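First to last, the protein sequences are chains X and R.
For the first sequence, numbering that gives the first Met the number 0 gives the first residue as 0, with consecutive numbering after it.
For the second sequence, numbering that gives the first Met the number 0 gives the first residue as 0, with consecutive numbering after it.
The hints are simulated quantities; they were obtained by calculation from the structure and are not laboratory data.
Among the hints, erroneous ones may be present.
Distance windows between CB atoms, simulated [as the list claims (entries may be wrong)]:
(1) T722/X x L11/R: 15 to 25 angstroms
(2) E30/R x V184/X: 24 to 34 angstroms
(3) N29/R x G701/X: 43 to 53 angstroms
(4) I75/R x V546/X: 17 to 27 angstroms
(5) G701/X x F85/R: 50 to 60 angstroms
(6) F71/R x A46/X: 38 to 48 angstroms
(7) I75/R x T320/X: 56 to 66 angstroms
(8) R6/R x A704/X: 36 to 46 angstroms
(9) I738/X x F85/R: 19 to 29 angstroms
(10) N29/R x L656/X: 20 to 30 angstroms
(11) R6/R x P691/X: 47 to 57 angstroms
Note that the coordinates shown come from a computational prediction; the quantities given were computed from them, not determined experimentally.
We treat Cβ as the ideally placed atom computed from N, Cα and C, and that holds for glycine.
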Amino acid sequence: MAFGTDANIALVAIAPFIAALLAPLLQHIAKPFAGWILALVPAGIFAFLLTLIDPVIANGSVAARIEWVPAFDLVLSFYIDGLSLTFALTVSAIGALIVLYSGAYLKGHPHLGRFLAFLLAFMGAMLGLVLADNLLALFIFWELTSVTSFLLIGFDHTRQASRRGAIQALVITNIGGMALLAGAVLVHQLTGQWDMSALGDEVRGSGLYGLVLLLFIAAAFTKSAQVPFHFWLPNAMEAPTPVSAFLHSATMVQAGVYLLARTTPWLGGTEVWTAILVCFGGATLLWGALGALRQIDLKQMLAQTTIASLGLSVLLIGLGTPAAISAFIIYFVAHAAYKAGLFMAVGAIDHEAGTRDITVLGGLADKMPVTFIGAAMACLAMIGLPLTLGYFAKEEMYLGLLSWHWPDMAVLLVLVAGNALLAGVAMLILVKPFLGPVLPTPKSAHEAPLAMLAGPVLLGAGAIAAAVMTDWLGHTVLVPGASAVLRQPVESHLTLALNPMSPLLWLSVATWVLGWLVYRQAAVLRTLLRRLESGLGWSADSLFDVVMFGLIRFSGAITRLLHHGRLELYLVAVFIGLAVALIAPLLLLGGYNVLLPTADFGDWSAWLRWPDLNLYEWGVVLLALIGLGAVLAAPTRLFAIIALGIQGMAVALIFLLYAAPDLAFTQLMVEILSVVILALVMTRLRLDERDPRPFEDWARDGTIAVVCGAGVSLFLMVVLSGTLNTRLSDFFTATSVPIAHGSNIVNVILVDYRGFDTLGEISVVMGAGIAIMALLRRRKQPTATPPKPTSRRRKKVAA
Amino acid sequence: MNTIIFRTLAPLIVGIMLVFSLYICLRGHNEPGGGFIGGLIGAAAIAVLGMSSGAGEARRALRVDPLAIAGFGVFIAGLSGLMSLFIEAPFMTSIWLYLPLGDDVVPLSTPLVFDLGVYLVVFGTIAAIALGLEGDGGEES
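Just chain R, with the same shape it has in the complex (with noise of 0.2 angstroms):
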């Protein structure tokens, strides 16, 4: 699979997933998509990137430990549940902020926050199965 077609054209495939697995991720509240299919998109141009110029390469390119990043995800998705303590509400409780910019409203809210440690979660675990098959076995070389 290592061809110098696949070399040549995986960055740019893979800069393309990962936009568009960020912008299914965001869009998620009102169209098809979300955290969960978003991060599996990242996860696949992982590992896309993994096929195409070695799983320490990939590694590099992440620069953080995606296991690591799984791990902050499930972090701040606690978080963002915990935010509704300070308004006095139950345990995850959503929190919306309607941010008015210029002429567009950019609504916030914490299941957004949410969604994107669904996101991360994903998108490290699986991430980190894929690159820890192709190589190195998880250690950092």
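The shape of chain X in the complex, shown without the other chains (with noise of 0.2 angstroms):
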């Protein structure tokens, strides 16, 4: 079977995990060059992506659809346009130096396998996030970043801070993540449509469109570590730097900001979402850039900086103009590139050098040369120099702004002051670890191996030529990306010409003198915004930690309360709830005047006589009493087991007599089996032979005993006194024979009809059995964990 592009487009979706499955086998056998062949699948979903381009610009988008759950209408849908493509392009290519990158940087690591699996697990969550249109397959990808993230962020897992990083990322994703669900299913209720290609104007039109746009935002904000959720994101650095460097550039974080170009055409545009996206993205903006100037880890400045950018993408989405949006396109493939290049290149000094403490370093340029071009292009787009993508970037955003409106002159300022910010980070990043006199560090510095300097080094270059093609960049990136989020064509006036005459060319040139002067005051700054951090006394890290060890002592609370660990009590509850579930109905809504005899029935006394059975009936009403009182004046507790097998029996006979065969078997078994193991639990526990309950318990559990067996009664009686509705059983007549094949239809519902359900039934039988052994071991083996609590009961009631 040739395949198609649906199944290639899955095929790509799918083949990360099967490499992440691959990995540790791999990582195995070939030690060194794990990394070298596993960047080949990256790097080949990157390839076959690039083949989509032309289709892509041609036509506007490629969709793909494989069924999924036929039952509910459910389809796998994927849809690339110019939107996802560039993600995807951005994720699989950073992805391959990413693993290339890994290999190196854990080399001879215990669980380098490991690691690149969940790796590759990472990026192909995110691939499907970015190709899948079905709302629901987003959200799973939606999950499965986080969970691949909790995995890699908490992958040093010895160290609390690093389980700490992954816990809170994991619960502040997370609640996103059930945002976005919701808001999903709110989405199909209104229009019925599960892909999000299919939407138009129906949920803004919609009375509830505030709430679904609540939920999105939620999700993005949580995702992309909008202010007040940003504080999860310089946790998430204890991840290896690897991680770091695809979770910041590519991966995880973009995925909120994807949510909200996703969205834009059916959920943005109104002025309640430019409002929110492009306040809080100021907002982000600003204390992101302004928290990297408070670092001094070479690290923990690039975190930050990532919150500023995710800031910055959000607010672009937010103005949501045809310049915005075209910004936010060649920002997004410019911060990416840069990012992961940046991060690689601070791994690289981090492996070599043994420290990232931009205080303690200087000079490394001429010990790693290769490291430190691939850094300084990389800061130069992030300043946004000429012939940098982060320069076209800076100035596609300031361009939709140029009016003398006061909204857009104060997000103008925010920005530039936010860019100026981010510039003067970059510069401190190029010049203090590697210009300057030569530091000790407490490593003896050199270069960083070949897979270690392909990222960066490629990185760099990328941001660089791409920003000299112009044409290319605008006709195969911009137009398409932007066009995809604006749902109309939008034109590319990219170039390289300076023109002094436009007020573009002098709001850049501000922006690097501000950067410039925020370079050269940056110990000044830094010691001003701790000052001001330490004022303030508290922070959304910390409030975190306040409300997660309330919430773990809330629940600690209620298991204590609930779950008591006294058997009898569980008991009684269970059936007193029983009891009360059976009887309240009945006697609320007049259940049993249906049982009571009505006027016309006259003298009703008449009525009641014999019921008309058979010998052989009256034999097995017979042996039912006989046990029932078998049981009442049983002198031991064995002999009261085997006085209730034989009621059960009778019970069971009773099915037989009326025409239920499998369920009589079936009663037959249960019941010799429940008196074997009764029998054998009984012997084992070594319990009194007699009943040593006090006569208060006793009347207390033969009360509640009694009301539940009439509660039960009461029950069928009424439900009996109804007419059958004989719907199902005849369609399952008519039916077995010609669907299943078979003509016990008891039989044929359990592993045909219902299948499904039997299938989880076997599974939690199997389960129950586990747990139950778990328990008889734990009984075998007192000294591993000494049931004192249990032993001392026990003696209690012996005594």
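Taking the hints as your guide, dock the two standalone chains into a single complex.
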């Protein structure tokens, strides 16, 4: 069978997961080359996606559909337009370089195979996320990025900080994930669509628009670390550097930005949308940029600038003008390239020099020239100098705001300030570690291995090369991407020419000058910001801890209340609940009226007569009564169990007499086995022969038992007094032979019509078996876990 | 219960019960029976063996850990559902194969495989519990 586009696109979404499964094995076999080999998977995906550029430019989109759950009309649909293609290409390109880089960075690590597996699964989740058109598929991949990033951030699980960072990221992003699921379901309820590409103005026009908007924004903001959910991102830095490089540039945090861009055509463009996104985006931009200046750890600086960049992206999407969206597309590519490159360069510095502290690093350019070149190109792009991608991104974002209305001017000021701060940080990263006098480092620094250099150099070169080819950039990246977000053609007007008459150039110059000032005054600003922070005394991060510990204490208290460990109380609660559930509805809804004789019965005592039973039927009833009497009169527990078995046997016989052989069969076997097992339990537990309960307990339990029994009997009588609806049994009788080729309806239902339920049930049976075995084993090993309370109680019972 | 009569007769009874349990399981699609009840009968047979000769002996006779049998049951039950993917039908769509053997036609199907899975799960789980209670607490002795 030749694979069509559908299958190929599905393969793109699945291939990383297959590679992830194979990664540990491959790492075991081809030790030093595992990174090189595994990098071929994302590289192959990148190459395949490149072939889709032409069809996407020609037709606007490429779609693929695979039946998922046809019974519910669920289709696993993939939709590739300019936006998702830009993201997918970035994810796979950076993914390939990261996998390569990880192989060298964690060389000799005992769990490298596992790490590569997590990383590839993470990439697969992100690829699926950007390619998915179906809202539920989007949600699944969205949560998958949360789970895989949890594994990656907590990779070094022996460190407490690492575990905390992982849990924090998972908790925060999962809150958003739940919001996304709720939003997706709501959109489906409103429009009847699961596919995002099929949505138009329905959502915006509905009365629930506000709620849907809130849910999607909550999802995007938690994922993309917008204020006030920004604090998890710096803590995610506990992950090994390759993870940070990937997570910050192309995956995970960009998922939130992607979601906003993806939902723009059918959710965005309203005043609320613009107001929320611009305000929060702007706040995040400034907060992150200032936060970066506060740090002296290179990795932390980069992490904080990511927050700022995410804020910038959200702000641009919020503005939603053609220029802003064009700026967003270019900015995403530029940021992915330079941020991944810089993270990899910082990882190389950390790896080779042994520290990331910007105050003790200096003069590394001589010792690590290639790393320096890569980092320098990335920094230039981050500053936004001409001939880099960052320049175009900056130009485009200023372009959309050149008016003399005050909201535009305010946003413009925020953008210039944010860009200037980011430029200042970029200069710090470029100059401090690499230039100036050589400072002594913990390790004697030397050049990193080839696999670790490929990323920074290729990405840095890409950020510059792409900018030089303005026509190509505009034609293949900007126009399809921006058109997909806006659902209308966008023109590219990228040019390398500098026009001194344009205010744009002067805004750029102002940004650079301000950036240079920030760089010069970095030390002063840092002290100032730190003093401000300690003056504040509290942060969202510490608030998270308070909430989490409160939650744990709260759940502990609830558990102790509900799960006190006394079996008798559980049973009392369960059976009282059962009695109430049986009797209350019958009493309140007047169910018993059905059973009471009506007036036209006349002398109803005349109706009381012996039922018309055969002799053997009387025999069975007698057997049941004897069993019942024996249970009540039983002198020992064992006797009572066996007597209960007689009772059950009689019930099985009744089933058999009234044409339910399957039920009778099962009842008989269950009776036999329960007698055997109960007898075994009794002999094992060494309980008293007789019931040692005091009279009050005995009376209480007896009352509950009688009430439950009466409730069940009455309930069944009420049910039987109604007319039987035979629709289902008719259906099964009629179809069981032609459809399921079997004449035993019970079995056909179990294994065919409702086979999926049975599969669940046998899994539960198996799970219960494992749990029982675990309990039995625990009892056999009293030394491992001394069951003190139990033994004490047993003594009390025995006494 | 460990009398010589019981010990002598038990293997015979157990053998008959096991064959009967399989018979009940296989006839289930058209007559009373099926995987669940068949598994229960099989487990009762193992419980009888455990009572007569001890849990360790019964475990040795089974050769495989009963819980592993149960796990295998879930596995093949799930697998029988996945077979439908090869005919591009939804999960658990039944596939029927009529195998001509001489004069007779033997109907084989994925529900049969599924029912065998149910049989193994019930058999394995209940046998594991019965043997665990009877003697060694589930540890290999």
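Evaluation of the provided hints:
no.: 1; hint: T722/X x L11/R: 15 to 25 angstroms; in the structure: violated (51 angstroms)
no.: 2; hint: E30/R x V184/X: 24 to 34 angstroms; in the structure: violated (45 angstroms)
no.: 3; hint: N29/R x G701/X: 43 to 53 angstroms; in the structure: holds (46 angstroms)
no.: 4; hint: I75/R x V546/X: 17 to 27 angstroms; in the structure: violated (46 angstroms)
no.: 5; hint: G701/X x F85/R: 50 to 60 angstroms; in the structure: holds (59 angstroms)
no.: 6; hint: F71/R x A46/X: 38 to 48 angstroms; in the structure: holds (42 angstroms)
no.: 7; hint: I75/R x T320/X: 56 to 66 angstroms; in the structure: holds (60 angstroms)
no.: 8; hint: R6/R x A704/X: 36 to 46 angstroms; in the structure: holds (39 angstroms)
no.: 9; hint: I738/X x F85/R: 19 to 29 angstroms; in the structure: holds (20 angstroms)
no.: 10; hint: N29/R x L656/X: 20 to 30 angstroms; in the structure: holds (22 angstroms)
no.: 11; hint: R6/R x P691/X: 47 to 57 angstroms; in the structure: violated (35 angstroms)
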